[in-house]
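Undergrad: Here is what each chain is made of, one letter per residue.
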Amino acid sequence: MADTDVAKARTAPTGTPPKAGNPVWELMVRNQSIVVPIVALVLAFSIGAFLIRTQGVNPAYAYESLFRAALGTPEGLLRTFQKTTPLILTGLAVSVAFRVGLFNIGAQGQLLCGAMGAAWVGFTMKDLPGIILIPLATVVGVLLGAMWASIAALLKTSRGVHEVISTIMLNAIAIGIMDTLVNYPLQAPGDDIARTPEIGAGAKLPEFGVVPSGFILALILALVSAWVLKRTTTGFKFDTVGKNKHAAGYAGIGIAATTIYAMALSGGLAGLAGVVETLGVVHRYESTSNNGLGFDGVTIALLARANPMGTIPAAFLVGILRSGAAKLQFDTQIQPEIVDLLLAVTLLLVSIPIIAQVIFRKRAASQAALSSGWGA
Amino acid sequence: MERLWEKNRVAVILSAVVIVGMYVFWFMGKARAESMLTSAWGFAVPLILAALVGVVGERSGVVNIGIEGQMLISAFAAFFGAALTGSLIIGVLLGLGAGMLLGGFLAWTAVKLRTDQIIAGVVINIAATGITSFFYKQGQTLPGVFPRWEIPLLKDLPLVGKVFFANGPFALATILIVIVLNYLLFRTRWGLRTRAIGEYPQAADTAGIDVIRMRLVNVTLAGLLAGAAGAFLSMEASSTFERGITADRGFLALAIMIFGAWKPLQAAAAALFFGFAQAIASQLQADKVVDIPQQLINTLPYVLTLIVLAVAAGRVRAPAAEGVPFVKGQG
Amino acid sequence: MSEVLLELDGVTKWFGPVKANTDISMKVNRGEIIALLGENGAGKSTLVKQIFGLITPDSGTITVKGDPTRIKDPRDAIGRGIGMVHQHFQLVPVMTVTENIILGFEPVKGLNLDLDSARTMVVEASDRYGLEVDPDAAIEDLPVGTQQRVEILKALSKKVDLLILDEPTAVLTPQETDELLGVMKALAADGTSIVFITHKLREVLAVADRVYVLRQGRVVGEVATKDTDQAGLATMMVGRAVVLQVDKDEATPADEVLSVRDLVVQDDRKLPAVNGMNLTVRAGEIVGLAGVEGNGQRELVEAIAGMRKVVSGSVHLGTEDVTGKSPHHIHAAGVGHVPEDREKHGLVGGYSIADNLVLNRFDEPEFANRGVRNFGAIDANAEAYVKEFDIRTSGIHATAGSLSGGNKQKVVVAREMSAEPRLLIAAQPTRGVDVGSIEFIHSRIVDARDKGAAVLLVSAELDEILSLSDRIVVVHGGHAVAEMPGAGANRQEIGRLMAGGGH
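Residue numbers (my numbering), protein chains in the order written: chain A, 49 to 424; chain B, 9 to 339; chain C, 14 to 516.
These aren't lab readings, by the way, just hints derived from the structure by calculation. Some clues are possibly wrong.
Covered by chain B, per the in silico footprint, the following chain A stretches (three or more residues, Cβ under 8 Å) [claimed, not checked]:
1) 137-147
2) 224-231
3) 392-404
To spell it out: a stretch of chain B is covered by chain A in this simulated footprint if at least three of its residues, at any positions, have a beta carbon under 8 Å from a beta carbon of chain A; those stretches are [claimed, not checked]:
4) 120-127
5) 137-151
6) 296-309
All residues carry an ideal CB built from backbone N, CA and C; glycine is no exception.
This is chain A alone, in the form it adopts within the complex (with noise of 0.2 Å):
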């Protein structure tokens, strides 16, 4: 009966043909995530170059002295790797959560519990030898950052707590927790410093050359959880739960069991994260030494739009900031907070739609929502 229409139709185009245009242009605007983060970046050193400026340095010495310190020398490429090796794991934790909708700003939190879950087995049992002691520090920080995620999931699931606010109040809990724990009954005994004894030596991670051992992990990991989201059922109740609950309900896909379990994926992560700084870096826990990480792990997030991939080059890129700012204070009194200047600055950029209407006006990628209001 209705031939005529369907014929009709078939020959009709189904869209506006898109415009044949420069070639480069279109491989840009194809990979405007690649291409807006980039212009961010360079508009932020730019701003920074100006602060720089302004303070009686030449921004050219004093960017050239930062990524010397960081790449230029061995020593400096170690401690790079180092820093970027947790960044990947928090970024990739944020990232993981945000797949389900959830915003995750409690790595720091999870992470924190990580990293004294691990130190705790490292310094307790510091004699077994390093084949049982690494495994077994792992698993119990990892299991304490998933476990800590998994209070904000289960408010989220049960009582409707929006998981920013909660992982706010769970990340000072944490820290309240561990600063009385370091401070009374973990702190190491005669020193003044709040701090834990140090892990036994068979707990530390090993190098391998300028590349920590946590570092080709962290590859791994991200490189799993790309494919894990990617290719699995996993993956796709994740996107599921995130891009549409009530289409996730009715597919019979149980979304507060996905939530809970991708929160938890996601504490564990950050714990790993607090794992490899115990074991590879500090060597014990210390209140000061894992200050930011996780709230970096957002910022790489964002950056990189919740793709694990993209985790890999935001966390070196923070990563080589950091790596680089007291080399930079060192040579030109420049405060070392520039590097959270410049990245608060690329993120506003990238975060906000503005760079990509600039630039690619009408053809500007629409930014899908990776978060959910209070109700929701």
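Got chain A sorted already, so can you dock chains B and C onto it with the hints?
TA: Frame of chain A, contents of chains B and C only:
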């Protein structure tokens, strides 16, 4: 029980506050009670102001999770503005202006550009931390002592007089702001329209209300309150600026906003309740009644927030359209 | 000679590459009732939104009472004496009737809202037009029919010369519809012009003086109602003679597949929506659930599909008790479910068509092996169904969000039939779907029945129920009030039962 609670929320919260207050008064003696009340109120003031930023924003349909950043920048601008110009007034104005500027920025990104509001807020927080950390200078001081004013008659009320009515200008203004905002929100044309654009902006639009403009104006002006909260912290409460001075108060405030069911008076009562809890815990610690490390005592407001949210979140109803960008001509 | 109140000349509106209105011209005289008739998607709502200033025409002029200047926004339109009753009520649920009616034009005393005089005004208007409402009731506590009265009062509370009604009868019982039509006639007799949108021919013939018929964004005909009849209007609407009857053979019902016993289910506000429902559907028959929307149909369907908690009673599939089982379990037990709200439940707009075609089958062995998705099989599945269901798209990897309403619905129907369910629940299967797709979807539903599936059809369109069902169950107040064979069912009788005028 559940219905009773829902219907009598104000009464329940207020009586809790009063009971706690009575306890404080009778069991701790007048001087102690006064100092505790003062401490509770000092804790509550920035929370109330910040919670009201959230109330105005969300009633208008815009989730503001960047209050923390607004306060931080404002505290910074107020303190260093005053220190560098040598004028307290200029400091206060800069603080208020900074809060409003960031409010305007959030409004522009959330309402005009329709960016994800949660992300926009978090980015404001990160940016505020970065900017204030970089420009922070040690060794600055305020050019003078921040004034204390007394309200005649009211200051002579027993107990509460000295606490609430002999105080710095921001603390005094907070009382007025709560009352005025409550009136504006529920008794005036502006209030009716604000509630409408937060609940069902399409309906307001078809009734001839300019939803976009109203949201822009409301969120921007609410920034003044965040500015006041920030200036209070760095000028009135402490006369110094430290990195991270806001200490997550912007997020506690959101919990207080929810606990207060998006109503100014109830939010104020909720903030006072938080203040009491904090003051009592510190007092018990100081009196050696309990021996809990200070580090743990300090987590009390955060634990309390989680509990309050777990209890209250399911029972109160958020403005229906909050967090949803308005697009004209749809729906 | 009557005064021309509204004149449209060459109004054209684009939405991106889509032309929603093309060169539309029309005239409305004072005191006249004009019907805008057309299928879903014909551009009726777009047109009236432009008259009310919600959107602006790309070209052409709209002249109101001789003034051709652009209508800037709704406030401007209201100022010119235009009122509009929207298809989706523009009422704030948590506010009172009075607050909603005065919104935007609030009387004040000093700074204070003057709610007292507002209430008096509402009561007066309510008396004048015979539209009874409680001025202090919260909108969310009112039934839809009353909400619509509020919506009309809201429009009439300003000085209105032209009242626009966008599908005002969609949510009303036949009796409420008659009342509304009466009000419209009275208003017109008073000198108010009315433009109302509908796709129901009977209503057009009952009240309108003239009809403009729209098809694919154009005016394809203008006729005085006294010069036409239902068949004539229908032909103009779809551009060819419509087949009102679906081709189908006699049903051969076999074993009971779905059996619902004394079911009680709550709605989102925790009020009982399904109240002691009893229902059976046999293999090889289509059971149509007739009822005014909001009488528990949605909650019933969601409870059967496992998406909503059952308070008491039971749901059996064959011999298996599936009461309170998960959607996953019930789907696996052989239930296909075309959900009422396809955008909300049926599809993930950001996903490809291929992913949407396996949305609830993604973890079946065919499409996933030990948790790893089989993209080869997923794509092959998509290619096959895009072809079989004639889903018009640029490719299987295009997002579902980019499809038209009819094609979205075909994706959902294709998926739900692809698992060859024992029970197919089709809730509002053709809502917002073009005529060609409606016929296609109807024939598919009949096919499923002929292959032995039990079909539960829920529709707000009585015509759809009448033309597809082998058996009709009328629901009111959350339970079945009557049951009758589909063949020869009487429309008026069903309408009376739907309104609660049962036994």
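Undergrad: Hints first: check each against the structure and report whether it holds.
TA: Going down the list of hints, with the structure as the test:
1. 137-147: Answer violated; 0 residues pass the 8 Å Cβ test.
2. 224-231: holds (count 5)
3. 392-404: holds (count 8)
4. 120-127: With 6 residues closer than 8 Å to chain A, the region 120-127 of chain B meets the three-residue bar; holds.
5. 137-151: holds (count 6)
6. 296-309: Satisfied; 5 residues make the cut.
The structure fails hint 1 only (numbered hints given earlier).
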